[in-house]
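S.K.: As a plain string of letters, each chain reads:
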Amino acid sequence: MEQKKYLFSIFYVCVAASVLAGVLVHVFISSHAAFVWQKIPGFSAIYGFVGCILIIVLSKALGHHWLQREEGYYEKH
Amino acid sequence: MIEWIHPGLIFIFGTLLIPVLRGKWKKAYLLLLPIAALIDLILMSKGVFGAIPLSVWHIRFSEYVLTFGRVDKLSLVFGYIFVIAAFCMTLYALHVKEDGHHIAAFLYVGSTLGVVFAGDLFSLYLFVEIMAWASLFLIWYRKTRASSEAGFRYIMVHIFGGVCMLAGIILYVQNTGSIAFNAFDWGFGWSHLASYFMLTGFLVNAAAFPLHAWLADAYPEATVAGTVFLSAFTTKSAIYMLLRGFPGVEILIWLGAITAVYGIIFALLANDTRRLLAYALISQGGYMMAGVGMVSGTLLAADGAIAHAVCCILYMGLLFMAAGAVLEMTGRSKLTELGGLYKRMPATFWLYMVGAFSIAGMPLFSGFISKTMIIESAATMHLPVVWLMLEGASIGAFLIAGLKLPYLTWFGKKEPVVEAREPPWNMLAAMGITAFLCVFIGVYPQALYGILPYPVEYAPYAVGHVVAMSQLLLFTFLGFWLLRGMLHATPTITLDTDWFYRIAGKRFIWFCEKPLLDFADSIDKVLKDIANSFVWFSRNPTAASRIMVLTIGAVVARPFNPAYMRYERDLEELRRMYPNESVHRVAIGTGVLLVLMFFTLYLIIYLTHGVLWV
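Which chain is which? The protein sequence lines are A and B, in order.
Under the numbering used here, residue 77 is the last one in the first sequence; the count climbs by one each step, no gaps.
Under the numbering used here, residue 1614 is the last one in the second sequence; the count climbs by one each step, no gaps.
Chain A with its partners taken away, still in its complex shape (with noise of 0.2 angstroms):
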């Protein structure tokens, strides 16, 4: 339990640090930005999280309602 509170922590210091890192380069470094999403603060870590919820829902609505048959679904059929 110990040891996952200290991993806890160390995570939530690297979330800070990554985004006020974000923070600086978008300030400070003017990178060329190829699409117009990469002009968005943080995008990123919006795309990581929204993505990562979305394939999340989305992969497991299409198995439970199409894709998944009980195990020796292609011995019975």
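Bear in mind the hints are in silico, worked out from the structure with no lab data behind them.
Note that this is a predicted model, so its numbers are computed, not measured.
Watch out, some of these pointers could steer you wrong.
Claimed, not checked - Calculated cross-link-like contacts (lysine to aspartate or glutamate; reagent style EDC-like; alpha-carbon spacing at most 20 angstroms):
#  : chain 1 : residue 1 : chain 2 : residue 2
1  : A       : 60        : B       : 1272
2  : A       : 76        : B       : 1513
3  : B       : 1334      : A       : 71
4  : B       : 1413      : A       : 2
5  : B       : 1414      : A       : 2
6  : B       : 1506      : A       : 70
7  : B       : 1343      : B       : 1419
8  : B       : 1026      : B       : 1098
9  : B       : 1334      : B       : 1272
10 : A       : 39        : B       : 1376
11 : B       : 1413      : B       : 1272
12 : A       : 5         : B       : 1415
13 : A       : 4         : B       : 1415
14 : B       : 1506      : A       : 71
15 : B       : 1343      : A       : 2
16 : A       : 76        : B       : 1149
17 : B       : 1334      : A       : 70
18 : B       : 1143      : A       : 75
19 : B       : 1143      : B       : 1328
20 : B       : 1343      : B       : 1415
21 : B       : 1026      : B       : 1099
22 : B       : 1334      : A       : 75
23 : B       : 1506      : A       : 75
To be verified - Stretches of chain A that chain B covers, calculated by requiring three or more beta carbons in the stretch to come under 8 angstroms of a beta carbon on chain B:
#  : segment
24 : 5 to 19
25 : 47 to 55
26 : 67 to 75
Claimed, not checked - Here are the simulated distance ranges between beta carbons:
#  : chain 1 : residue 1 : chain 2 : residue 2 : range
27 : B       : 1422      : A       : 14        : 21 to 31 angstroms
28 : A       : 64        : B       : 1516      : 33 to 43 angstroms
29 : B       : 1331      : A       : 65        : 26 to 36 angstroms
30 : A       : 12        : B       : 1019      : 55 to 65 angstroms
31 : B       : 1043      : A       : 8         : 50 to 60 angstroms
32 : A       : 29        : B       : 1419      : 50 to 60 angstroms
33 : B       : 1414      : A       : 33        : 45 to 55 angstroms
Cβ atoms here follow ideal geometry from the backbone N, Cα and C, with glycine treated the same way.
Got chain A sorted already, so can you dock chain B onto it with the hints?
M.R.: Chain B only, in chain A's frame:
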């Protein structure tokens, strides 16, 4: 002085001694072969070697030349990584008792090297076929019913791919008169039919959507060590063939992006750990295909595809090694039956996580320095949708291989669900070396960039890249942690495009055997009845005609003529008198003998008189 030894032949002929050696000597010998091949590769100079004109074998079309050794920067990179992977994987498989397993693995590695150095289409085809058949035995050595059936489906799909390639080769040789293996013409129309066949054959091996199902079907059924070998060679050699044959073909960009996302969705639904990884492997192949397609826009894409193939061989091998170690030690590979193993197998977990961070593309791990090259190419070419799909597949790769699988295998439950311990030393050592290489390439990318064929300036550790990738992955973890309750595994299988040959194919055969055959039988019966009635008629045409007339007469006259009884009596009499089985029947054998005698007689007459008459 031999100026060139084919490194593939070291493996192929090296198999001859495997059954002879015993114990420690055998193990040493197995490890020595990949090292010998590596030294051979390092000593090899660039150029074209081992060219054998077909006229040497007294074949009439002597203008064709088989080229077994086309050594350039592109083939050398693949040669190096295949041999290094072969060493790590052989170490992993060192405890395997069956000689046949080692022989199959070495034939598989050797023929893959044959593909890499093949400069003409005939030898390319030869080695692709050896690859398919050698790898089949890595599946069959599992010796379960499921593996034997999956193996049959595996080889069927590869025979289909091989036939496509062969058709393409024949058409290509017809059109151009050359068997050289270079970039094929691409365009739309019948004149490019050869290219379409070739591309289909290559895409089967590359496991591109929708021709990918064989991989997720067969790889999880192979032996523990066999899957590790399988993960490296077939798909990556196909990427090599695509780079040679179809660089910059636009359709590959889209096929690749779709395959990358498709693999992620199906990996998330998989319950078997090694099937989950197989789908992750398919997804990673998608990146490389997209890279091959984007060569038309930027050479960075070509280097990216090659670098990613190198990194993918290492981290995919490592992931399959660790998942295989769990299967080897616990006998279980389903996520529903695993959990809490961290207390028993922590070393395996941490080694696995090195592979997981690599596939996710975390900075300082190998995937980061190669995957971003391909994503960067999509930005350079201004392909927003492709960029989003590939970036999304990065999220997915981390989610499934980096979070879901390790969470449900090593954690997820308070106590280990099954007794387990760390795998034997050779497996741990193999994982350790592979993990070291993953980190080494991630920390020191110049080692890999230095041997890439095209000179491209690319700085993976630009601050912007590192921050963006870190944010992406950290927030992916956040999303995972919030929804981890939804990610529990279910004891299910997922329908994929193999449904079409497993169920639809079965139903088609049922249709042929039942309704179609019944229909054919009924036609047969009608024709036989007609023939039989002719036979009946011809026995005594006069009497038969009378019977027919009387029968009609009896039917017609019955209501009007009270004397119809007479007809009936006559009819019965006639029928009784009619010759039933009086025709003499001859056995078929006698009939055939008569026919043969007749033909012999005819032949003799023809030969004697025919010649005389001329």
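S.K.: Decide, hint by hint, whether the structure agrees.
M.R.: Each hint tested on the structure:
| no. | hint | result |
| --- | --- | --- |
| 1 | A:60 x B:1272 | holds (16 angstroms) |
| 2 | A:76 x B:1513 | holds (19 angstroms) |
| 3 | B:1334 x A:71 | holds (12 angstroms) |
| 4 | B:1413 x A:2 | holds (17 angstroms) |
| 5 | B:1414 x A:2 | holds (15 angstroms) |
| 6 | B:1506 x A:70 | holds (19 angstroms) |
| 7 | B:1343 x B:1419 | holds (10 angstroms) |
| 8 | B:1026 x B:1098 | holds (12 angstroms) |
| 9 | B:1334 x B:1272 | holds (4 angstroms) |
| 10 | A:39 x B:1376 | holds (16 angstroms) |
| 11 | B:1413 x B:1272 | holds (17 angstroms) |
| 12 | A:5 x B:1415 | holds (19 angstroms) |
| 13 | A:4 x B:1415 | holds (16 angstroms) |
| 14 | B:1506 x A:71 | holds (18 angstroms) |
| 15 | B:1343 x A:2 | holds (15 angstroms) |
| 16 | A:76 x B:1149 | holds (15 angstroms) |
| 17 | B:1334 x A:70 | holds (14 angstroms) |
| 18 | B:1143 x A:75 | holds (18 angstroms) |
| 19 | B:1143 x B:1328 | holds (15 angstroms) |
| 20 | B:1343 x B:1415 | holds (8 angstroms) |
| 21 | B:1026 x B:1099 | holds (10 angstroms) |
| 22 | B:1334 x A:75 | holds (19 angstroms) |
| 23 | B:1506 x A:75 | holds (11 angstroms) |
| 24 | 5 to 19 | holds (count 5) |
| 25 | 47 to 55 | holds (count 8) |
| 26 | 67 to 75 | holds (count 7) |
| 27 | B:1422 x A:14: 21 to 31 angstroms | holds (29 angstroms) |
| 28 | A:64 x B:1516: 33 to 43 angstroms | holds (37 angstroms) |
| 29 | B:1331 x A:65: 26 to 36 angstroms | holds (33 angstroms) |
| 30 | A:12 x B:1019: 55 to 65 angstroms | holds (58 angstroms) |
| 31 | B:1043 x A:8: 50 to 60 angstroms | holds (52 angstroms) |
| 32 | A:29 x B:1419: 50 to 60 angstroms | holds (53 angstroms) |
| 33 | B:1414 x A:33: 45 to 55 angstroms | holds (47 angstroms) |
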